[in-house]
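Visitor: If you want the building blocks of each chain, they are given just below.
There are 4 protein chains.
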Amino acid sequence: MSETPVRSVRLAVVQLDDYGPWTVTPAPRRETDLQALQARLYADFADFVGRDDGYAFFGRFDNMLAVANETPAEAFGRFQERVRNRYPVTISVGIGSGSTPLAAVQTASDLLQAAGSAQDRDRREVLRCDQTLAETETQDITIGHFDIVDATSAYTDDRNAVDAEMAIQRSVIELKAELRGAHESVAQFVGGDNVIGVCPALSVETFREVIDHVEEETGVRYRVGIGRGETAHDAGRDAKHALEVCRESGDRVYEANSTHGSDRIPDPEFADD
Amino acid sequence: MSETPVRSVRLAVVQLDDYGPWTVTPAPRRETDLQALQARLYADFADFVGRDDGYAFFGRFDNMLAVANETPAEAFGRFQERVRNRYPVTISVGIGSGSTPLAAVQTASDLLQAAGSAQDRDRREVLRCDQTLAETETQDITIGHFDIVDATSAYTDDRNAVDAEMAIQRSVIELKAELRGAHESVAQFVGGDNVIGVCPALSVETFREVIDHVEEETGVRYRVGIGRGETAHDAGRDAKHALEVCRESGDRVYEANSTHGSDRIPDPEFADD
Amino acid sequence: MSETPVRSVRLAVVQLDDYGPWTVTPAPRRETDLQALQARLYADFADFVGRDDGYAFFGRFDNMLAVANETPAEAFGRFQERVRNRYPVTISVGIGSGSTPLAAVQTASDLLQAAGSAQDRDRREVLRCDQTLAETETQDITIGHFDIVDATSAYTDDRNAVDAEMAIQRSVIELKAELRGAHESVAQFVGGDNVIGVCPALSVETFREVIDHVEEETGVRYRVGIGRGETAHDAGRDAKHALEVCRESGDRVYEANSTHGSDRIPDPEFADD
Amino acid sequence: MSETPVRSVRLAVVQLDDYGPWTVTPAPRRETDLQALQARLYADFADFVGRDDGYAFFGRFDNMLAVANETPAEAFGRFQERVRNRYPVTISVGIGSGSTPLAAVQTASDLLQAAGSAQDRDRREVLRCDQTLAETETQDITIGHFDIVDATSAYTDDRNAVDAEMAIQRSVIELKAELRGAHESVAQFVGGDNVIGVCPALSVETFREVIDHVEEETGVRYRVGIGRGETAHDAGRDAKHALEVCRESGDRVYEANSTHGSDRIPDPEFADD
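Protein chains in written order, with this note's numbering: chain Y, 84 to 356; chain V, 84 to 356; chain G, 84 to 356; chain E, 84 to 356.
Worth flagging that the hints you see were computed from the coordinates, not collected in a lab. Note that CB positions come from ideal geometry on N, CA and C, so glycine has one too. Do not rely on the hints blindly, as some may be mistaken.
[Claimed, not checked] Ranges of calculated distance between the beta carbons of each label pair, as one might list FRET restraints:
hint, chain 1, residue 1, chain 2, residue 2, range
1, G, Thr221, Y, Ser236, 53 to 61 Å
2, G, Asp241, E, Asp241, 34 to 42 Å
3, V, Ala265, Y, Ser236, 52 to 60 Å
4, Y, Glu157, G, Thr221, 18 to 26 Å
5, Y, Ala284, V, Asp223, 53 to 61 Å
6, G, Thr221, Y, His296, 50 to 58 Å
7, E, Gln214, V, Ser236, 47 to 55 Å
8, E, Gly302, G, Asn340, 40 to 48 Å
9, G, Glu157, Y, Glu298, 48 to 56 Å
10, V, Glu331, Y, Ser236, 45 to 53 Å
[As the list claims (entries may be wrong)] Chain E side only, calculated, beta carbon under 7 Å to chain Y, not exhaustive:
hint, residue
11, Arg165
12, Arg169
13, Gln214
With the sequences and hints as input, model every part of the structure.
Guide: What follows is the structure, encoded as structure tokens:
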């Protein structure tokens, strides 16, 4: 019966330990220093996760997310060490698996919360992993890479920077909510007019319904490229290629049907010396 | 008549030149590399602006904002040079002044848009400044530093990371919209549960009305510390101190009534050698 | 006969492509921008190599070194991609194996040179690997971690910064030359008064002779902690621990006789959720 | 009598506080993390000093140098704050003035040493300035930008990376020693085959004697471009342009006779909106 292995997707939640209190101890720290600290820590995290073809999201900066199918739990301990050695703050990590991205985030969050409060002074550098990690294989990930049709002409070149940002953010919230509420997906803003949805195996038609819904609710027209693969990068690269097809063809939904495996990393050449 | 000098606040909009097309040329670039690029460029920008006691906001990453009362226009040219020398992308800058933060952003955006589209391949490293900059003095800035009452217990420790983030983001949008629509202010999320509002000389009572409005609309309870000063950092530091008073007293609105000028930077000691 | 597998140590040479000409095109670039570019690229490289328990050295910044026993050749292609996506320059990589660290560097350099000049405009992003990599197992690495006895009191607190630096550098050159000339080792300055030697399986007595030689030639007294292990980090961590023993005991040479495997990275905890 | 103002050059020594002990507390920290920490701190320092047209040098990383004619002493306090807010270490700063660069470094070092040992646990975030700073005007700086004739073909493309580096470093030491011993100058390696000499008003002929001396002693042929200006960047930019003239003409010494003031930073455009 259960000869088919249970398959799951793995997400990690990274939390800065007791960060809020630190930012005001002994007195409130300069805001631009905090902004730069958070941004550089996130950049290091993106590099770390990207090494294994994962995806990282800044979340709220003090709570970051990663899709980390290929990153072993032990490697997160290595990242905790790096942060400790290079920043005045430390991090805790929860790694969850689940049949959907949302379920995996829920598990990761539960594990962290069970270890103590984010502002518990005694909860530092916790690394908690869902027990089922070791027992399951990872499943393919579906990534939808969304952007807004004519975002530059309709927003960036037309409205002031604040109003363009607000219009886009309102639509992003709606997109995130629809993907989360109806489809157990985790969607994140990644800059500009781009949103990445980490999803279960949703159909092309479902993606179309999602962007139609967002347009009805907010008037903002998205298009989406869809990719599927073993890692976030594999799926996401195909999704980006598919989105390029949309840009050229005018289609609003497209699923990549091929992989682009080695199109960017040169193979090493082995030579006699 | 015009013996009173016209006073203004100055904001800058920084735009990555032709960035969207670059991210997919010759093929879509790896997402984590883009995330790290954007975050490090923003961190450098925060450092640059912070040097002159300004504030920086990540905006949409490809469109960033700064409150830059004390940063001369020429210095932004220096920052453009730095980006060109260290990144594979370049930036354009518009600097606007106005009687309110929103008016200043509008001017800065108009100047950039007049110079060409954000995706115009021939518009690179533009640096456009509102002519009135040279003729006016800067006015005091009012900063409201907002955070959410019991955010850790109500969100971070209670909901999964995705749902906590969405609830906070919905309230942030409402707060930004209210400050923008009713009060010509520019508000930006700065991580965790923190929002910074760059405002005209709003009263304490107005700030109270704003957070009451947000609570009515979203159910999320904010509190706010208020500071005023010549630079974003001066005002913002006082706002942070005021927010600390709120945290201790339980008040939801408090305005700092003193400056904390040299409480963190040691004075250099001059000594005979 | 050759049932014993041939064992080798692997080093990588990373070279910025056509970098000198770039620094003056179209006009000489600002020196501090170049300094920051080089330093951040090196920091990213250290992070990259450190992920697999390797060691990185800044070399001349436009030519960097790594001990990379555990880093697959393909991963260097990933690092090349990262540099291309985040910097205005690109890199080429040669990976060599050899029975000694010096032999491995020679092979890596030969491979790069065979692919073209460092200032050949057509040689970009080359990744060349010694063919024997695939056929051999890596051997244990011996690391000597050297520092200067009483460096702070004798140099930093006693001489001006320039004279302290020159005295130390002279001794470093002597130490490097002795380790290279007599012992096929690659030694690199790593800051302060610290030098790391990547060595074949030298004896404790040989290390003692090396530091005696340096003292005779330059008057600078070094001590050294010795570690051996499968990776640079394994060997280097033990060497650091051994150097701590020297500091406490007053001995000038000490070899660690145990591993300190998991003393710094917490094991992940697996929990039912 | 003293109607001519006394003029001086200003250099700063930046010292990581109690850094050596920190690197081994509670146990030796991972070397690549330390390398990345040091390199990023130096990059931040280069950015900081470069903002005011100064020059920064990595020195021994735990002891860095800056030519800082235009950076006010107070601004270094701002940099100390930034380091404290973003790194797990802190820094102390001594700022010295003198009639020669070497004299300024001596004063800066004396001031730091008088404040306590570099490994004194109670000496943290000291900022000491030469009293005469406030009383004197800065003098013009002379920069010699040196590189090696045919370095790529003679070293990088011809020897292995380790031997190329050693040959270059030996010559660098000789160049530094000659400039320091005979000419009260501070010379620093800045990567590749480049050395920057911060000098009193040495003549072209003196620079020629210096490189002739180095060639006699080490066999390494340098050339040098010479620039003079109010700031390190002004002088150094001219020196770089002069070195370009050498590269084209084959001359080994050339002094720039013009400034290239605004050739790289676009002037901001002021526009009516």
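Visitor: The hint names Gln214 of chain E as touching chain Y; please verify it with the least Cβ-Cβ distance against 7 Å.
Guide: violated, 29 Å
Visitor: Using the Cβ atoms, figure out if Gly302 of chain E sits within 40 to 48 Å of Asn340 of chain G.
Guide: For Asn340 of chain G against Gly302 of chain E, whose Cβ atoms are near 45 Å apart, the range 40 to 48 Å holds.
Visitor: May I ask you to test the hint 48 to 56 Å on the CB atoms belonging to Glu157 of chain G and Glu298 of chain Y?
Guide: For Glu298 of chain Y against Glu157 of chain G, whose Cβ atoms are near 42 Å apart, the range 48 to 56 Å is violated.
Visitor: The hint says 50 to 58 Å between Thr221 of chain G and His296 of chain Y; measuring C-beta to C-beta, is that right?
Guide: Taking Cβ atoms as reference, Thr221 of chain G and His296 of chain Y lie about 55 Å apart, which means the hint holds.
Visitor: Holds or violated: the hint that Arg165 of chain E contacts chain Y, with Cβ atoms closer than 7 Å.
Guide: holds, 6 Å
Visitor: Does 18 to 26 Å hold as the CB distance between Glu157 of chain Y and Thr221 of chain G, or does it fail?
Guide: Since Glu157 of chain Y and Thr221 of chain G have Cβ atoms about 20 Å apart, the given range 18 to 26 Å holds.
Visitor: With a cut-off of 7 Å on the beta carbons, see whether Arg169 of chain E makes it to chain Y.
Guide: Holds. Min distance 5 Å.
Visitor: Range hint 53 to 61 Å: satisfied by the CB atoms of Thr221 of chain G and Ser236 of chain Y?
Guide: Given about 56 Å between the Cβ atoms, the range holds.
Visitor: So does Glu331 of chain V sit 45 to 53 Å from Ser236 of chain Y, Cβ to Cβ?
Guide: Roughly 50 Å apart at Cβ, these two residues keep to the hinted range, so it holds.
Visitor: Is the distance from the Cβ of Ala284 of chain Y to the Cβ of Asp223 of chain V consistent with 53 to 61 Å?
Guide: holds, 56 Å
Visitor: Can you let me know if the beta-carbon spacing of Ala265 of chain V and Ser236 of chain Y is within 52 to 60 Å?
Guide: This hint is violated: roughly 29 Å between Cβ atoms.
Visitor: Looking only at beta-carbon atoms, does the pair Gln214 of chain E, Ser236 of chain V fall within the given range of 47 to 55 Å?
Guide: Holds: the Cβ-Cβ distance is about 54 Å, inside 47 to 55 Å.
Violated hints, listed in ascending order, are 3, 9 and 13; each of the other numbered hints is respected by the structure.
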